[in-house]
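2 protein chains.
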Amino acid sequence: MSEIKIALLGLGTVGTGVYSSLLKRKPEIEQLLGKRIRLSGILIKNPAKPRSDFQKAPLYSEFEKILGKEAPNVVIEAIGGIEPARTYITRSLEAGCHVISANKDLIARHGEELIRLAKEKGVRFVYEASVGGGIPVLRTLRELLRINKVQHVEGILNGTSNFILSHMRTTGCTFPEALELAQQKGYAEPDPTNDIEGLDAFYKAMVLSKWIYGVQPLWEEAEVKGIGNVRLEEIQLAEQLGLRLKHLVLLDDSLELKVKPVLVDSEHPLYGVEGVDNAVRIQTDLLGCLTLQGPGAGAEATASAIVEDFLSLYETGSVYQDKPAVSEVVQRKQAKEGTTYLLIGEKEHISGETISVLQLQGAVLDTVSLPDASVIALLYAGDLPVSPLPFTSIYPVRLSSASEAAEEVLL
Amino acid sequence: MSEIKIALLGLGTVGTGVYSSLLKRKPEIEQLLGKRIRLSGILIKNPAKPRSDFQKAPLYSEFEKILGKEAPNVVIEAIGGIEPARTYITRSLEAGCHVISANKDLIARHGEELIRLAKEKGVRFVYEASVGGGIPVLRTLRELLRINKVQHVEGILNGTSNFILSHMRTTGCTFPEALELAQQKGYAEPDPTNDIEGLDAFYKAMVLSKWIYGVQPLWEEAEVKGIGNVRLEEIQLAEQLGLRLKHLVLLDDSLELKVKPVLVDSEHPLYGVEGVDNAVRIQTDLLGCLTLQGPGAGAEATASAIVEDFLSLYETGSVYQDKPAVSEVVQRKQAKEGTTYLLIGEKEHISGETISVLQLQGAVLDTVSLPDASVIALLYAGDLPVSPLPFTSIYPVRLSSASEAAEEVLL
Ligand SMILES: NC(=O)c1ccc[n+]([C@@H]2O[C@H](COP(=O)([O-])OP(=O)(O)OC[C@H]3O[C@@H](n4cnc5c(N)ncnc54)[C@H](OP(=O)(O)O)[C@@H]3O)[C@@H](O)[C@H]2O)c1
Ligand SMILES: NC(=O)c1ccc[n+]([C@@H]2O[C@H](COP(=O)([O-])OP(=O)(O)OC[C@H]3O[C@@H](n4cnc5c(N)ncnc54)[C@H](OP(=O)(O)O)[C@@H]3O)[C@@H](O)[C@H]2O)c1
Numbered sequence: 001m002s003e004i005k006i007a008l009l010g011l012g013t014v015g016t017g018v019y020s021s022l023l024k025r026k027p028e029i030e031q032l033l034g035k036r037i038r039l040s041g042i043l044i045k046n047p048a049k050p051r052s053d054f055q056k057a058p059l060y061s062e063f064e065k066i067l068g069k070e071a072p073n074v075v076i077e078a079i080g081g082i083e084p085a086r087t088y089i090t091r092s093l094e095a096g097c098h099v100i101s102a103n104k105d106l107i108a109r110h111g112e113e114l115i116r117l118a119k120e121k122g123v124r125f126v127y128e129a130s131v132g133g134g135i136p137v138l139r140t141l142r143e144l145l146r147i148n149k150v151q152h153v154e155g156i157l158n159g160t161s162n163f164i165l166s167h168m169r170t171t172g173c174t175f176p177e178a179l180e181l182a183q184q185k186g187y188a189e190p191d192p193t194n195d196i197e198g199l200d201a202f203y204k205a206m207v208l209s210k211w212i213y214g215v216q217p218l219w220e221e222a223e224v225k226g227i228g229n230v231r232l233e234e235i236q237l238a239e240q241l242g243l244r245l246k247h248l249v250l251l252d253d254s255l256e257l258k259v260k261p262v263l264v265d266s267e268h269p270l271y272g273v274e275g276v277d278n279a280v281r282i283q284t285d286l287l288g289c290l291t292l293q294g295p296g297a298g299a300e301a302t303a304s305a306i307v308e309d310f311l312s313l314y315e316t317g318s319v320y321q322d323k324p325a326v327s328e329v330v331q332r333k334q335a336k337e338g339t340t341y342l343l344i345g346e347k348e349h350i351s352g353e354t355i356s357v358l359q360l361q362g363a364v365l366d367t368v369s370l371p372d373a374s375v376i377a378l379l380y381a382g383d384l385p386v387s388p389l390p391f392t393s394i395y396p397v398r399l400s401s402a403s404e405a406a407e408e409v410l411l
Numbered sequence: 001m002s003e004i005k006i007a008l009l010g011l012g013t014v015g016t017g018v019y020s021s022l023l024k025r026k027p028e029i030e031q032l033l034g035k036r037i038r039l040s041g042i043l044i045k046n047p048a049k050p051r052s053d054f055q056k057a058p059l060y061s062e063f064e065k066i067l068g069k070e071a072p073n074v075v076i077e078a079i080g081g082i083e084p085a086r087t088y089i090t091r092s093l094e095a096g097c098h099v100i101s102a103n104k105d106l107i108a109r110h111g112e113e114l115i116r117l118a119k120e121k122g123v124r125f126v127y128e129a130s131v132g133g134g135i136p137v138l139r140t141l142r143e144l145l146r147i148n149k150v151q152h153v154e155g156i157l158n159g160t161s162n163f164i165l166s167h168m169r170t171t172g173c174t175f176p177e178a179l180e181l182a183q184q185k186g187y188a189e190p191d192p193t194n195d196i197e198g199l200d201a202f203y204k205a206m207v208l209s210k211w212i213y214g215v216q217p218l219w220e221e222a223e224v225k226g227i228g229n230v231r232l233e234e235i236q237l238a239e240q241l242g243l244r245l246k247h248l249v250l251l252d253d254s255l256e257l258k259v260k261p262v263l264v265d266s267e268h269p270l271y272g273v274e275g276v277d278n279a280v281r282i283q284t285d286l287l288g289c290l291t292l293q294g295p296g297a298g299a300e301a302t303a304s305a306i307v308e309d310f311l312s313l314y315e316t317g318s319v320y321q322d323k324p325a326v327s328e329v330v331q332r333k334q335a336k337e338g339t340t341y342l343l344i345g346e347k348e349h350i351s352g353e354t355i356s357v358l359q360l361q362g363a364v365l366d367t368v369s370l371p372d373a374s375v376i377a378l379l380y381a382g383d384l385p386v387s388p389l390p391f392t393s394i395y396p397v398r399l400s401s402a403s404e405a406a407e408e409v410l411l
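Top line first, the protein sequences correspond to chains A and B.
Reminder that position 94 of the first sequence reads as 94 in the UniProt record's numbering, one-by-one numbering, no gaps.
Reminder that position 184 of the second sequence reads as 184 in the UniProt record's numbering, one-by-one numbering, no gaps.
Incorrect hints may have been included.
Which copy is meant is left open, so a pair is good if it fits within one copy or across any two.
[As the list claims (entries may be wrong)] Below, a list of computed lysine-lysine pairs in the DSS-like style, where the Cα atoms sit at most 27 Å apart:
1. K24 to K210
2. K210 to K26
3. K24 to K5
4. K35 to K119
5. K35 to K225
6. K149 to K56
Think of the hints as simulated: they come from the structure by calculation, not from any bench.
It should be emphasised that the depicted structure is a prediction, and the values quoted were computed from it without experimental measurement.
I would like the entire structure built from these sequences, with the hints used as guidance.
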C-alpha cells in the first residue's frame, strides 16, 4: 500500500484540529483512499512554546526542513496572514506538492497567482476552509452546481460579527460587552479589527467571487461596512418589527459586492442563523435558492473542511479543478428597484417635514420607538431622497416574501 | 465528438422540467462534458393528450421503443409509483444504461435491488431528486462529507406539509383551507394522502437511511404521523411561546426513525424554513451541524437535481458509487433524556391535579391560552407520566440552545 506524506504548517487552532482529526480518523481515511497516510512534519514558529501530545510527527521551526527532510505529497497551510504563508505555499507548489489552505486573506489577494502556479505544476491548490469554515460552500458551488448559473450570493461569513449581533439581541448587552465575550470565548482575535470592520467577510467574498465568476470585483468599488457602530437600541427597534440585523455579504453576477449590516425578516433563510454560525444563500437560475448553514470557525469544523479537501485530492483527481461551472459575469444596467429601509434617528430630530419628504418618494410603513429611549425607527419603502436626512442609521431591509425574492436586486 | 443519448420516461411536471433544462442548457452541458447530448425518446402514457413544444425528440407510448429504437446511454425515470417504473428501470439497467430517478416511493421499497443490479452491470443508478427536490442532499452526504460520521439527520422533507403549516400560521386559516390552496397551487397531489399522512417524508427518510448508513430501519418500527390532525389553535398557542410547528423527519445512527410534527424554537435551523421549502440538518462528528435548505419540489428545481446527477455520471465516473462515506450504525441504549413538550387540551379538563402529576415528573415552564378559545397549552420539561393525561395533543419541542444541541437525542 503506497503512502501519502502530509506536512502541516501551523499548529494553532486550525493546525491542532487538523492534527487530531488526521490522527483520530487515520484508519477510515486510509480505508477510503486505499493508501497509508503519515504526517511527515509540522511547522511552528516558537519552538519554546510548551506543547503536549504531538508525538506522531517531528516539529520544525524552519520551513526548509519541511520540504527538505522528506518530500511531502501534500502541504496543509494553517499559519494565516500573507507572509511567510505566501512564500511557503509557492515553494510547496513548485516542489510538486498539492496544497490545502484556510487562509482567506492570502487567497483573496494572491489566489490567482497560486492557482496558476498549481496548474502549471500539475498539482492542486484547494481551500474550502477559507470560506465559511466547515460549510462545504466552495465544493458545493463547483461540484454540485455545475450547470446552475449563480445569480447572486448572500452570506453571513464572519462568525464573530454574527455572534456579537445575536448576543446583543438576546441578552440586551452593548457592543463592547458582546465583543469582550466573543474574545473570551476565542471567537474573535486579540485584534478583532478584521472581524468587526467587515474585512474578514470581504476577503471571503473575494475568494467566492473568483471561485464562482472567475474574477473579483474591483477592491476599491466594493462597499465594506462592519458592525462597529451598531447600537443596542437599533437592534431592539428592529426586533419590534420582527426584523434581525445581520452582517451580510451580497455578491451578484454583475460583480457588485456589498459587505454590511442588513435587516432580514423572519421568512428570510438567514434570519435564524445565530451565534457563531455562518450561512450562504445561493440563488441560481435552475435550482432556485439554496442555503447552506453551519459552523464558520472552530478547530474541528475547520479541520473537517481541510480533511475533506484532502480526500478530494485523491478521490476525484482534478476533474473539477480546470472546469469551473458555467456561472458568468452579467453586464447589467444598475437600475435599482425601490427597496425597504429602516431609518433610525433621535425623536426630536424627526419632524413632520422629514416624514412628508419621505412620503413623497415612497411610504412610511411603520414607526416604532422604545419606551425609555430617545430614538425612533421608521420602516420605509421606496427610494431614499437624495437630500440629507436627519437619521443616524439607515439599514436596508431584505423582505423575503415570494414575490420580492424573485425580483431581488442588490441593495 | 461522441454523443450521449438520453431517454426520458414521463413528461409530467418533472419530465417537462428536465426536457426544457436539457434543451435550454444544451450548449453548456456539451461544453462541460466535451460530448454532444441528444434526447433519443420520451415515454408518455396517453398519446392523445395535447402537448405542444416537444419537437426535439420522438414521443412513444410503448417502453419497448425507448430501448429498442436507439439504445440510449442514460434513462431518466420521471413516471413515479412502483409499476411500471420498477420494470422499466430494471430493463434499462439490464440493457447497460445509467439510470436517474426521482422516485422515492420506488427507491425506498426496491432501491437495494436496483443498486445491486446497477453494480452488476457496471452502470450507475442515481437519484438525488428523490430526496429534497433541488437540494443536493445525497451528493453532499456522499461526496462532501466523506470522513464525517453522520450522527443524526433532521429534515423537513415534504413541501406540501410545510406549506400547509406555514400558511395556517401566517394567515390563520384552517387545515382544509390550507390544503385546498396547496392543491390549487399544484404543491399537493389530487390525492394528497402521502403528503398529509407523512408517507412521502417517510419514503425519503428511508432513502436517506440506506444512503447514509447502508441499511433502513424496520418499516414497522418507525413512528410515522402526518399533519392531518393539526388544529389552527395549536399553531397559535405555540406561536405565543415563540415556537413553530414543523413536520420533521428525525433519523439517527441507531436507526431510530420518527416522522411527525415537532415544535422548534427560533434558534433552530429549521425554524425559518417556510412555505414549500425543504431543509435537512445534518449532525456529524467532525463538522458539527450543517443545514441545507432549498426548494423541495417544482419542475425546475427537480430538473436541476436530475441534470446535475446526469453531469456527475460523466464527470466523476463512479468514484463515489461503491464507496459510501464512513457513517455506521451505532448500537445505543435507548436511554431518553428528559425533553420538552407542549401539551394542549381543553381548559375545563386540565385540573390542578393534572398539573400536580406533571410537576412530580418535571416542570411546567409556561402556560398559554387564546382569548376566545377553550384550549390551553402547557410548556412542560421532563418525562411524560405514563398514566393517561387529559390532553388532546402532545408535541415534542426542540430547543436549540447550544447545550441542548450537543446532547440532543431523538424525541
Ligand atoms: N480559527 C479558526 O476557526 C479558523 C477558521 C477558518 C480559517 N482559519 C484560518 O486558518 C489559519 C490559521 O488560523 P488559526 O486560528 O489556527 O491561527 P493561530 O491559532 O494563530 O495559529 C497559527 C499557527 O501558525 C504558526 N505560525 C505563525 N507564524 C508562523 C511563521 N512565521 N512560521 C511558522 N509558523 C508560524 C503558529 O506557531 P506557534 O504555535 O509557534 O505560535 C501557530 O501554530 C488562518 O489563515 C485563519 O484565517 C481559521
Ligand atoms: N413534482 C415534483 O415537484 C417532484 C419533485 C421531486 C420528485 N418527484 C418525483 O418525480 C416523479 C414524477 O413526478 P411528476 O410530478 O412529474 O408526475 P406527473 O406530473 O404525474 O407526470 C408523470 C408522467 O409519467 C407518465 N406516465 C405515468 N404513468 C405512465 C406509464 N404507465 N407509462 C408511461 N408513462 C407514464 C405520464 O404520462 P402522461 O403525460 O401521458 O400522463 C406523465 O407524463 C415521481 O416519482 C415524483 O415523486 C416529483
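Status of each hint after checking the structure:
In this assembly of identical chains, the alpha carbons of K24 and K210 lie at most 27 Å apart only when taken from different copies (26 Å versus 34 Å within one copy). In this assembly of identical chains, K210 and K26 lie within 27 Å of each other by CA distance solely across copies; the values are 25 Å between and 33 Å within a copy. When the C-alpha separation of K24 and K5 is checked against a cutoff of 27 Å, the pair qualifies only within one copy, where the shortest distance is 16 Å, while the shortest distance between copies is 46 Å. With identical chains, the CA atoms of K35 and K119 are at most 27 Å apart both within one copy (24 Å) and between copies (24 Å).
Within a single copy, K35 and K225 get their C-alpha atoms no closer than 47 Å, and across copies no closer than 46 Å, so neither meets the 27 Å cut-off. Taking the closest pair of Cα atoms, K149 and K56 come within 27 Å of each other only across two copies (24 Å); inside a single copy the shortest separation is 45 Å, beyond that limit.
When held up to the earlier numbered hints, the structure conflicts with hint 5 and nothing else.
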